[in-house]
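Enquirer: Using the sequences and the accompanying hints, generate a full structural model.
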Amino acid sequence: MEEEVRGADEKTEETYAHIISTLPKKKSWGQELQRYQGFWYYPFFLDGVISVQHNFKVRPSDVLIASSPKSGTTWLKALVFAIHNRRLLATHIPYSSLPGSARDDDSGCRIVYISRDIKDVFVSSWYFFNDNSLEEAFESYCDGVTLYGPIWDHQLEYWKASIERPQSVVFLRYEDMMEDPVNGVKRLAEFLGRPFSMEEEEGGVVKEIVKVCSFKYLKNLEANKEGELQFAKVKFTKPAFFRRGVVGDSKSCLTPEMIERLNLLNDRMTCSSSSSSIP
1 MEEEVRGADE KTEETYAHII STLPKKKSWG QELQRYQGFW YYPFFLDGVI
51 SVQHNFKVRP SDVLIASSPK SGTTWLKALV FAIHNRRLLA THIPYSSLPG
101 SARDDDSGCR IVYISRDIKD VFVSSWYFFN DNSLEEAFES YCDGVTLYGP
151 IWDHQLEYWK ASIERPQSVV FLRYEDMMED PVNGVKRLAE FLGRPFSMEE
201 EEGGVVKEIV KVCSFKYLKN LEANKEGELQ FAKVKFTKPA FFRRGVVGDS
251 KSCLTPEMIE RLNLLNDRMT CSSSSSSIP
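Going left to right, the sequence shown walks through residues 1 to 279 as full-length UniProt numbering numbers them.
Treat the hints with care, since some could be wrong.
In silico BS3-like links for lysine-lysine, alpha-carbon gap of 30 Å or less [unchecked claim]:
#	residue 1	residue 2
1	K26	K160
2	K186	K211
3	K160	K251
4	K160	K25
5	K216	K186
6	K207	K186
7	K57	K207
8	K77	K216
9	K251	K77
10	K27	K251
11	K77	K207
12	K211	K77
13	K160	K57
14	K251	K26
15	K77	K160
16	K77	K186
17	K160	K186
18	K251	K216
19	K27	K57
Derived DEER-like restraints, expressed as beta-carbon distance ranges [claimed, not checked]:
#	residue 1	residue 2	range
20	E260	F56	39 to 47 Å
21	E136	N263	16 to 24 Å
22	S252	E13	44 to 52 Å
23	R35	T12	17 to 25 Å
24	G48	D143	21 to 29 Å
25	T12	S101	16 to 24 Å
26	E136	R35	16 to 24 Å
27	E260	R87	38 to 46 Å
28	Q31	G193	38 to 46 Å
29	S101	D143	31 to 39 Å
30	G248	E32	26 to 34 Å
Worth flagging that the hints you see were computed from the coordinates, not collected in a lab. Since the model is a prediction, treat every value here as computed from it, not as a measurement. Ideal Cβ placement from N, Cα and C applies to all residues, glycine included.
Expert: Structure, rendered in structure tokens:
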């Protein structure tokens, strides 16, 4: 039996390796990326992505937190965990590449997606990876050749899913959550099926969650001040996940021409793919 299982595993690995070997490649931000189902990945991520697609089954109680990188994922995970302590799964995989069980209306799984202004995402990503000059990284970003990019397609897929499956997918905007975190947390709790009672609201539960999950609070936790996190073959220091987190950060880094170019590009890409663009 063990030999049969081992043989099946080896055959599966060979199949995945063959698929990956046929994928288009491009170098971006100092790393080689490969294009799979319309999006770009590190090659060493792809085994896991394909395996999850084919084998992973969500539970009815699961909450799947999704985003493009550097869009507020860590903050959102803290908020969701504070509201409802169920199994949380976090991913940057595009909606169309999620396992079928996660996209099934009968699965019971809830998907929480957070989007962020693509200009701020670019600046945050550039500081995080910091492998190229700003100008080189900007050109790759505009071409859509970045990790889990193109970002406008990533956001648009989840936006459409939230319109088509509002009971299962919610689309949050980082800027809205930062501007009014109390109402944002209440909306999130409603979606997760755990609305706050009047007593909880009057007792300051919502405000306390906002406080202990704030960017400043999380950044100053001792556990986040040092150490490393490893994803496949890539290591990052924990403090790198908490740089600034402010809205409009791109204005301090990008030229007016860069900002205008990204605005026009985002408008064109989202409007050409949908009858209604992302708000």
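Enquirer: For the pair we were handed, K26 and K160, check the Cα-Cα distance against 30 Å.
Expert: Measuring from Cα to Cα gives roughly 28 Å; hence the hint holds.
Enquirer: Could you see if the CB distance from G248 to E32 stays within 26 to 34 Å?
Expert: holds (33 Å)
Enquirer: Just to be careful, I want the Cα atoms of K77 and K160 compared with a cutoff of 30 Å; is the pair within it?
Expert: holds (22 Å)
Enquirer: Between T12 and S101, does the C-beta distance stay in 16 to 24 Å?
Expert: The hint (16 to 24 Å, Cβ to Cβ) holds, given that T12 and S101 are roughly 18 Å apart.
Enquirer: Does the structure keep K77 and K186 at a Cα separation of 30 Å or less?
Expert: holds (15 Å)
Enquirer: Holds or violated: are the alpha carbons of K27 and K251 at most 30 Å from each other?
Expert: holds (27 Å)
Enquirer: Quick one, are K207 and K186 close enough, alpha carbons at most 30 Å?
Expert: Satisfied, since the Cα-Cα distance of roughly 10 Å is no more than 30 Å.
Enquirer: Please check whether E136 and N263 have a Cβ separation lying inside 16 to 24 Å.
Expert: holds (21 Å)
Enquirer: K77 and K207 were given as a pair; does the straight-line alpha-carbon distance stay at or below 30 Å?
Expert: holds (17 Å)
Enquirer: Would the hint linking K186 and K211 be met if the CA-CA limit is 30 Å?
Expert: holds (14 Å)
Enquirer: Check the following: the C-beta atoms of R35 and T12 are separated by a distance inside 17 to 25 Å.
Expert: Between R35 and T12, where Cβ atoms are some 22 Å apart, the hint holds.
Enquirer: Within a Cα-Cα threshold of 30 Å, do K251 and K26 meet the stated pairing?
Expert: holds (29 Å)
Consistency note: the structure conflicts with the earlier hints numbered 7, 19.
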